[in-house]
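Note that the sequence shown covers residues 130 to 206 in our numbering.
Some hints here could point you the wrong way.
Using C-beta positions, here's what the derived DEER-type ranges look like [what the hints assert, rightly or not]:
| id | residue 1 | residue 2 | range |
| --- | --- | --- | --- |
| 1 | P196 | G155 | 26 to 36 Å |
| 2 | A144 | T198 | 17 to 27 Å |
| 3 | M159 | N182 | 12 to 22 Å |
| 4 | A200 | L180 | 18 to 28 Å |
| 5 | T198 | T153 | 29 to 39 Å |
| 6 | G183 | N203 | 33 to 43 Å |
Don't read these hints as lab results, they were simulated from the structure.
All C-beta atoms in this analysis are idealised placements derived from N, C-alpha and C, irrespective of residue type, glycine included.
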Amino acid sequence: MNTPVLRRGATFLSAGIIAAAALTDGDLVMLHSHVTTSATDHGTAADILRLENGKIVEHLDVLQAVPETSANDNTMF
Numbered sequence: 130m131n132t133p134v135l136r137r138g139a140t141f142l143s144a145g146i147i148a149a150a151a152l153t154d155g156d157l158v159m160l161h162s163h164v165t166t167s168a169t170d171h172g173t174a175a176d177i178l179r180l181e182n183g184k185i186v187e188h189l190d191v192l193q194a195v196p197e198t199s200a201n202d203n204t205m206f
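Construct all of the structure, not just a fragment, from the sequences and the given hints.
Given below as structure tokens:
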């Protein structure tokens, strides 16, 4: 895990991830997900993966908290 704000292994089992969208282009995959790390911590993630021979060889991500309210009707989910 290369994301410094996320716990590793069994301590991270309480997290929930719901994929909202998936895009592919050749050996690249991008996932947009709704992430819940606790009952009060909700966020969104964009994971960018590069695959070789069906295995992940590179992983980049962008994390953002989901606000409780939105200034417009264009919410994240």
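Each hint tested on the structure:
no., hint, in the structure
1, P196 - G155: 26 to 36 Å, "holds, 34 Å"
2, A144 - T198: 17 to 27 Å, "holds, 24 Å"
3, M159 - N182: 12 to 22 Å, "holds, 20 Å"
4, A200 - L180: 18 to 28 Å, "violated, 38 Å"
5, T198 - T153: 29 to 39 Å, "holds, 33 Å"
6, G183 - N203: 33 to 43 Å, "holds, 36 Å"
In summary, the structure is inconsistent with hint 4 from the numbered list given earlier, while agreeing with all the others.
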